[in-house]
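Novice: Okay, here's what each chain looks like letter by letter:
2 protein chains.
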Amino acid sequence: MFKPKSVAMVGASATPGKIGHVILQGLMKGFEGRVYPVNPHEEEILGLKCYPKVAAIPKQVDLAVIAVPAKLVPQVMRDCGKKGMRGAIIISGGFSEIGNKALEDEVRRIANKNKIAVIGPNCLGVYDSYSKMDTLFNPRYKMERPREGGISFISQSGAVGAVVMDWAGAEGFGFSKFISYGNALNIDEVDLLDYLGKDPSTKVICMYLEGTRRGKDFIKAAKRVSLKKPIIGLKAGKSDEGAKAVASHTGSLAGTARVWEAAFRQAGVVEARSMPEVFNYARAFAEQPLPKGGRVGIITNGGGFGVLATDACIENGLEVPPLAKKTAQEIRKKVPSYATVKNPIDLVGDSDYLRYEAAINALLKDKSIDSILCIVLFQTADIDSRVISVISEASDLAKKPIVCCAAGGEYSRLHSQLLEEAGVPTFSSLKAAADTLAAITYYDEFRKSVRK
Amino acid sequence: MFKPKSVAMVGASATPGKIGHVILQGLMKGFEGRVYPVNPHEEEILGLKCYPKVAAIPKQVDLAVIAVPAKLVPQVMRDCGKKGMRGAIIISGGFSEIGNKALEDEVRRIANKNKIAVIGPNCLGVYDSYSKMDTLFNPRYKMERPREGGISFISQSGAVGAVVMDWAGAEGFGFSKFISYGNALNIDEVDLLDYLGKDPSTKVICMYLEGTRRGKDFIKAAKRVSLKKPIIGLKAGKSDEGAKAVASHTGSLAGTARVWEAAFRQAGVVEARSMPEVFNYARAFAEQPLPKGGRVGIITNGGGFGVLATDACIENGLEVPPLAKKTAQEIRKKVPSYATVKNPIDLVGDSDYLRYEAAINALLKDKSIDSILCIVLFQTADIDSRVISVISEASDLAKKPIVCCAAGGEYSRLHSQLLEEAGVPTFSSLKAAADTLAAITYYDEFRKSVRK
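Going down the list, the sequences are from chains A and S.
By the count of my numbering, the first sequence reaches residue 653 at its end, each step adding exactly one.
By the count of my numbering, the second sequence reaches residue 653 at its end, each step adding exactly one.
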C-alpha cells in the first residue's frame with residue numbers, strides 16, 4: 202500500500218481540478234514507482250500513456266487507486282483480481298455511507314475472493330512521506346504535505362486527517378504515514394494499528410475514531426502496540442448528541458464515553474480531547490524523552506506566568522515540588538537577589554539568557570525534578586535569540602523532557618518557531634504545555650505499570 | 202491618567218534601551234500632550250529640553266511618570282505634590298514586593314497627603330490606544346501595540362498584560378486601555394473596575410488577578426459593572442501550589458479556588474481558565490451580539506468536525522437541538538442529496554460557498570437556534586474566499602452570534618485572518634469555539650437572572 206513498485210490510477214482524468222487529475226498529479230510528484238493512468242476515453246494524460254482498462258497494462262501492477270463512480274467499482278475490482286493485484290485504494294464514495302450496503306458487500310466479496318487488501322471505499326487514501334505515495338485529492342496549494350518523520354495517523358474521517366497533515370506541513374513536523382480508511386471494506390483500524398506497530402519508521406501513532414466494529418480486538422491490539430510505541434486516541438461522538446452525529450457520518454456505533462475512556466485506559470492509549478491536543482502530544486512524543494515521573498520544574502521571566510503554569514500542572518495531576526537545597530544554591534549564585542529561586546523559578550522581567558542557562562542546567566541535574574516547563578516572554582528588553590541556543594542545547598543533551606511556552610505577536614511567534622525547529626515543543630498556552638507534560642507522564646506510568 | 206495634557210517623565214534617560222529612554226520614546230510617538238523629561242544630569246534628551254527636577258518645569262503638569270531608583274521616589278513624590286500634580290504612575294520596583302514595606306508606606310503617606318492618585322509602584326503602567334498615552338517599557342519591535350477598540354485590560358501582572366497586548370496587536374484586535382497596577386499603592390483593582398465601568402470607550406473588561414485586599418468591595422463593584430458590560434476574569438493561584446507562588450510574586454492572599462469561583466459567579470464575572478480564553482472571550486464579546494439562549498446550530502464541510510463540535514458544545518452545557526422542519530426543508534432545496542441536513546449540518550467535502558449561504562441563512566431565520574458555529578475546512582477543492590463574504594455579510598446583519606472554526610496550514614490561516622478582520626471570531630480549535638459560545642451564553646443568562 203505504501204511502497205508499491207507500480208500503481209494503476211483507475212479513473213485518471215485529463216481535466217484539471219477533477220479528483221482523478223489531482224491524484225494522478227500527486228503520484229507524479231516524487232513517487233518513484235511506475236504510474237499507469239487508466240481511462241477508456243483518453244490516449245494520454247499529463248504526458249503518460251493512458252490505458253482503456255487495467256487488463257491492457259502490459260506489465261505487472263502492484264496496486265490500484267480507484268476513483269470511478271461507485272457502480273463501476275465491482276468491474277474494476279474484478280479486472281484487478283484477474284491482473285493478480287494484491288492491493289487497492291478505493292477513493293470513490295457512494296457505498297454504505299449513503300445506505301448502499303449491497304454494492305459495498307459485492308465489492309467486499311470480489312476483494313476477498315481475489316485476496317485484494319482494500320483501503321476505503323469513501324476515503325482520502327494514503328500518504329507516505331518516504332515513498333511519496335500520495336492519493337490525497339486536496340490540492341497542494343490548499344493542503345501542505347508534511348516532511349519525513351516519525352508520526353503516523355490513522356483517521357476514520359478524511360477531513361480530520363487532512364487538517365492535521367496540513368498543520369504538520371505548515372509547522373514543519375515530520376510525518377511517516379497517513380491513512381484515511383473510510384468504510385473499512387476489509388482493512389480496519391485494528392489491522393492498521395497492528396501494521397503501524399510493526400512499521401519501523403512510525404514512532405508515534407495517532408488515531409481519530411468514531412467507533413469500531415471490533416472492540417475486543419481493538420483493545421488487544423492497542424495494548425500490544427502501546428507497549429512498544431505511544432498511541433494517541435481522539436474519540437469523537439462521546440456525548441449522546443455526538444453519537445447521533447456519528448450515525449449520520451460514518452454510521453459507526455459510537456459507544457458511551459465511559460466505555461471508551463475505560464478501553465483507552467486499559468490499553469494504554471493516551472486520550473486527546475481535541476484535535477490540537479492530538480498534535481501537541483504527538484510532537485512531544487516524537488521530540489522529547491519520557492519523564493521518569495510527574496514532578497515539574499517551572500522557569501519563567503514573568504511571575505504571573507509562573508503562577509498560571511503551577512495551577513495548570515496541578516490541575517493535570519502533576520506536581521510542582523520545592524527545589525532541592527543544592528539546586529536553589531546553585532541558581533542563587535548566578536541570578537540577582539530579586540529573582541525568586543523557588544519552584545516556579547521567577548528570573549524576573551530583566552532576565553537575560555544566562556539566567557535561563559543557570560536555571561535549566563540546575564534543574565537538569567536535580568533528581569527531584571522529572572521534566573521542565575520553560576516559559577520565555579520574548580516581549581522583554583533583555584531576552585533575545587541566544588536563549589534559544591541555551592534551551593535547544595539543553596534539550597539535545599537532556600534525559601528529561603523540556604517543553605516551552607512563549608506567547609505574543611510576531612516577534613514571539615518567530616522565536617517560538619525557532620525553538621520548535623530545534624526540536625523543543627513550544628506552546629502559546631500554558632494549559633497546552635501542562636496537558637502535554639501530563640500526557641507523556643501518563644504514558645510512562647502505563648508502561649511501568651504493565652511491566653511490573 | 203489616560204488623557205493628561207502634560208506629562209513629566211521623571212528618570213528620563215539618554216541611553217537607548219534603558220527603561221527611562223524607552224518610556225520617553227513611547228510618549229513621543231503619537232501622544233499629543235506635552236512631555237517634559239526630568240533628569241538632573243542631562244540638558245536635552247531626544248531633542249526635548251530636560252529639567253533637573255519637577256519644580257523646574259515652568260508650566261503646569263498633570264501627571265508624573267516615575268522611573269527612578271526606589272529610594273528616590275519619596276522625594277520625587279513630594280516635588281510632584283508641591284507642583285500640584287494629581288496623578289503619578291510609579292514604574293519603579295523595589296517596594297513591598299521585595300519586603301520593603303516601610304518605603305512603600307512612606308510613599309503612600311506622601312501621595313495621600315498631597316491627593317495624588319497613583320498607579321503602581323512596580324508596574325508596567327498604562328496604555329491608551331486613543332490618547333496614545335503609553336508608559337510600557339517593552340520595546341515596540343518586541344511587543345506590538347493594539348489598534349483602537351473596545352477591550353480594556355486590568356492586570357496585576359505586567360507580563361500577562363504585555364502578552365495579551367502583543368497578541369492583540371499582531372492579530373488586529375482593538376484595545377481601549379491597558380493598566381498594569383502593580384502594588385496598588387492607592388488605586389487598586391476595585392477602583393479601576395469602577396473607572397472602566399464608566400469609561401465609554403471600554404465595551405469589555407478583562408482582568409488578571411492574583412488576589413484582592415477588598416473582597417466584598419470587589420464583588421459589589423463587579424456586580425454593578427457586569428450588568429452594564431461583560432467582565433472576563435482570570436484568577437491565578439487557584440491551586441495550593443499556585444497560591445504559594447502568588448505569595449512569592451505579588452504577595453497577595455490568593456484565596457481558595459472555590460471562594461473565587463463563587464465570587465465570580467455571584468458577580469457575573471465570566472471566568473476564563475487560561476490566557477487564550479481571556480483573549481477568545483474578549484473578541485467574541487467585542488464583535489458579536491449576545492445569544493438569546495444556549496441552542497447552537499453547527500455547519501461543517503467535514504463530518505468528523507461536526508461530531509467533535511457537537512461533543513464540545515454538549516460538554517460546555519450548550520445544546521445542539523434538531524433543526525426545525527422548515528429550516529431543514531429550506532436547506533434541502535439547495536444542497537445535494539448526499540449532504541446531511543440535521544444538526545450538525547454536514548455540507549460534505551465538495552461543498553462550495555453557496556451551500557454555506559443556504560445553511561447560514563436558514564439558521565439565522567430559525568427561532569430554535571440561538572447561535573451558529575460555522576466550520577470551514579479550506580483544504581477542500583471547492584472552497585475559496587467567497588465563503589468569507591457569505592459568512593461576514595451574515596455576521597454583519599445577524600442578531601445571533603456567529604463564530605467560525607478553520608484549522609490547518611498557511612492557506613487556512615490566511616483565510617481565518619480574513620474572517621477575523623471581517624469581525625467574525627475564528628478559532629483553530631473546536632473546543633475554543635464552543636468554550637467561547639458558552640461564555641457569552643453564560644453572561645447573557647446572568648444578566649437575565651439579575652433583571653428578573
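In case anyone wonders, no lab produced these hints; they're calculated from the structure.
Heads up, some of the hints might be wrong.
To be verified - Distance condition first, Cα-Cα at most 25 Å in a straight line; then the derived DSS-like pairs of lysine-lysine:
id	chain 1	residue 1	chain 2	residue 2
1	A	K302	S	K543
2	S	K526	A	K445
3	A	K316	A	K206
4	A	K527	S	K445
5	S	K493	S	K445
Novice: Now, for every hint given, state plainly whether the structure supports it.
Specialist: A quick look at each hint next to the structure:
Using a Cα cut-off of 25 Å, the hinted pair K302 of chain A and K543 of chain S holds, with the two alpha carbons roughly 22 Å apart. A hinted pair counts as satisfied when its Cα atoms are at most 25 Å apart, and K526 of chain S with K445 of chain A qualifies at roughly 18 Å. With a C-alpha separation of about 19 Å, the suggested pairing of K316 of chain A with K206 of chain A holds against the 25 Å cut-off. Taking the CA atoms of K527 of chain A and K445 of chain S, the gap is about 21 Å. The hint holds against a cut of 25 Å.
Between the alpha carbons of K493 of chain S and K445 of chain S the distance comes to roughly 41 Å, so the proposed pair goes past 25 Å and is violated.
In the structure shown, a violation is registered for the earlier hint numbered 5 alone.
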